[in-house]
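Undergrad: Take a look at the letters that make up each chain.
2 protein chains.
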Amino acid sequence: MKQLLLGLLLSFGIFATASETLPSWNEGESRANIINYVRAVTDKQNADYIAPKDRIAVFDNDGTLWSEQPAYFQLFFAIDRVKALASEHPEWKTTEPFKSVLENNMEGIVKSGKKGLLQIVGATHAGMDEESFEKIVKQWLKTAKHPTKHRPYTDLIFQPMMELIDYLEANDFKVFIVSGGGIDFMRAFIPEVYGIPSERIIGSTGKVYYENGKIIKEPKIDFIDDKEMKPVAIYYNIGKRPVAAFGNSDGDLAMMQYTEANTNAKTLQLYVHHTDAKREWAYDRKSSIGKLDKGLDYAKIHHWTIVDMKKDWKVIYPFELKK
Amino acid sequence: MKQLLLGLLLSFGIFATASETLPSWNEGESRANIINYVRAVTDKQNADYIAPKDRIAVFDNDGTLWSEQPAYFQLFFAIDRVKALASEHPEWKTTEPFKSVLENNMEGIVKSGKKGLLQIVGATHAGMDEESFEKIVKQWLKTAKHPTKHRPYTDLIFQPMMELIDYLEANDFKVFIVSGGGIDFMRAFIPEVYGIPSERIIGSTGKVYYENGKIIKEPKIDFIDDKEMKPVAIYYNIGKRPVAAFGNSDGDLAMMQYTEANTNAKTLQLYVHHTDAKREWAYDRKSSIGKLDKGLDYAKIHHWTIVDMKKDWKVIYPFELKK
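Residue numbers (numbering that gives the first Met the number 0), protein chains in the order written: chain A, 0 to 322; chain B, 0 to 322.
No wet-lab data here; the hints were simulated from the structure. It cannot be assumed that every hint is accurate.
The list treats identical chains as interchangeable, and a pair is accepted whether it falls inside one copy or across any two copies.
[Claimed, not checked] In silico DSS-like pairs for lysine-lysine, Cα to Cα no more than 25 Å straight-line: (1) K239 x K219; (2) K265 x K134; (3) K134 x K52; (4) K239 x K213; (5) K52 x K239; (6) K265 x K213; (7) K52 x K141; (8) K206 x K110; (9) K141 x K239; (10) K137 x K239; (11) K285 x K299; (12) K52 x K213; (13) K226 x K213.
As the structure is a computational prediction, the values presented were derived from the model and not from experiment.
The whole structure should be built from the sequences, with the hints applied where relevant.
TA: Right under this line is the structure:
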């Protein structure tokens with residue numbers, strides 16, 4: 000009887016733990032891979048145990064932690080800024096990528112890519128100090144709405160991925176953002192929305208200089224944190240090879256391979272595959288934003304975890320929880 | 000009687016705390032300034048309270064956390080590397096700063112400054128991956144001895160400053176190194192010796208590229224983290240203005256002024272003034288290494304804390320504790 004009671008308590012215990020971990024993830028291979036990995040590397044008795052100081056996890060942002068369609072959200076911010084400042088810059092009417100922005104030519108803007116986006120951000124904020132810029136982004140995030148979802152952009156974060164970040168942090172992982180997005184733009188919302196502090200946000204940067212107690216932004220690109228530059232950014236900013244990497248596009252492949260090449264630890268690589276045309280968007284090999292082609296082939300061959308959003312996630316966005 | 004007992008217990012309690020905080024610091028203004036600052040900003044009832052997430056403290060390394068005479072310790076490492084690799088580089092015999100190194104011309108090497116040092120480090124490690132480099136530094140630190148102190152370089156860290164770092168961390172400050180030293184060199188010993196993880200070490204960097212799962216070092220300078228570039232490095236790496244800054248030279252002045260210009264928080268600036276010719280070294284305005292001239296004037300006018308090593312510190316190095 001005592002034995003039976005103990006057995007019952009134990010099974011309830013296990014059941015309770017299982018239901019609290021990653022609650023917005025459906026049972027299945029993706030969820031199991033994550034949980035099995037975390038349990039293995041945090042168990043001192045396990046051969047794959049990793050000391051807390053080495054539990055470095057890196058996450059891409061656009062398309063991995065929030066949506067990125069029909070264009071990177073930072074682009075919508077930049078478009079609004081270009082329009083607001085256009086009267087001071089008559090030359091923008093005839094110079095790309097500004098011309099496309101002012102003509103609402105979305106295709107032209109998207110064609111200019113991450114580099115065009117950074118040019119726009121650079122040009123619209125030259126001469127401004129970092130703290131003033133942050134205020135402008137925060138104000139925009141409070142008022143702007145996504146063109147088709149008609150919600151604030153920060154509503155469009157992925158609930159299952161937020162749970163994953165919390166789960167890793169609860170298991171003493173140090174979580175970093177390693178994104179092609181502009182660093183100032185990300186710093187304006189990620190600490191509050193994801194709970195990740197500014198010193199763990201790595202992104203693309205513009206040139207700046209120091210003067211009279213302030214950091215002033217210049218209209219020049221310093222570093223584009225994409226593809227092969229993601230491992231370089233990890234080297235400069237973290238100085239330690241990650242053990243877990245999370246992305247959604249070919250731009251994240253090098254970062255994930257750099258993680259996979261860690262010979263000192265068991266590693267985890269996870270791709271978010273956008274397969275849900277109804278609740279989010281469905282795109283991969285042929286998308287101009289968040290293209291996942293070479294990465295998808297590589298991930299399959301190397302048995303990485305590929306999250307099928309439609310199948311693996313109970314909800315996409317946090318606001319769906321309240322329904 | 001009960002009241003008396005309580006009073007006794009309380010006073011023992013206070014006495015115990017006071018004697019445990021910064022034990023290698025003599026009573027005096029420097030120690031009091033630090034303790035009063037930390038108490039004020041960590042007390043929720045105090046108008047100067049700072050939330051833990053904003054408790055960012057930045058420390059210079061050379062001359063602030065360990066000695067830097069008769070030359071930056073990294074220079075001794077670089078000299079040993081140049082000599083070890085000289086047979087593969089006949090051109091070094093006629094090219095500065097390598098010529099001076101091979102001729103043991105210390106004056107010539109010191110003249111080449113931090114830039115020369117980085118050239119040497121760059122040239123001796125081009126084509127090497129970061130992890131192999133780290134192993135070489137670790138091996139060197141185990142075996143090399145300081146030319147006049149005849150001790151391993153990592154013995155020459157400042158005990159009172161180690162206590163200060165521990166004290167700040169115990170009070171939920173996030174401590175960062177912001178140094179002109181090479182980032183790979185620092186990462187090879189600071190995590191173990193100071194207990195500060197690699198992602199909180201900011202330094203000068205060389206160019207690198209990513210290839211086949213590895214970060215490969217190039218013989219080019221990327222960023223020299225000195226003077227006005229220290230606030231720039233803080234912007235790129237931390238993304239938040241510090242509230243406390245610790246240095247020892249004019250190279251740290253901009254970083255300390257950037258901290259002082261924080262309008263959101265009470266701040267602390269502290270200069271380590273090398274005044275102890277007997278136990279360490281005495282130098283300031285006229286030194287070619289760790290020159291403290293403009294900074295000393297500025298610090299006096301702005302009532303920053305100026306540590307008089309001779310007067311304020313009971314011991315300089317940890318090994319003195321064992322005497």
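Undergrad: Are the hints correct? Go through all of them and say.
TA: Going through the hints against the structure:
| no. | hint | result |
| --- | --- | --- |
| 1 | K239 x K219 | between (29 Å within a copy, 21 Å between copies) |
| 2 | K265 x K134 | between (41 Å within a copy, 21 Å between copies) |
| 3 | K134 x K52 | between (34 Å within a copy, 19 Å between copies) |
| 4 | K239 x K213 | between (30 Å within a copy, 12 Å between copies) |
| 5 | K52 x K239 | both (10 Å within a copy, 23 Å between copies) |
| 6 | K265 x K213 | between (43 Å within a copy, 17 Å between copies) |
| 7 | K52 x K141 | between (36 Å within a copy, 22 Å between copies) |
| 8 | K206 x K110 | within (23 Å within a copy, 30 Å between copies) |
| 9 | K141 x K239 | between (36 Å within a copy, 21 Å between copies) |
| 10 | K137 x K239 | between (32 Å within a copy, 15 Å between copies) |
| 11 | K285 x K299 | within (18 Å within a copy, 63 Å between copies) |
| 12 | K52 x K213 | between (33 Å within a copy, 21 Å between copies) |
| 13 | K226 x K213 | between (31 Å within a copy, 14 Å between copies) |
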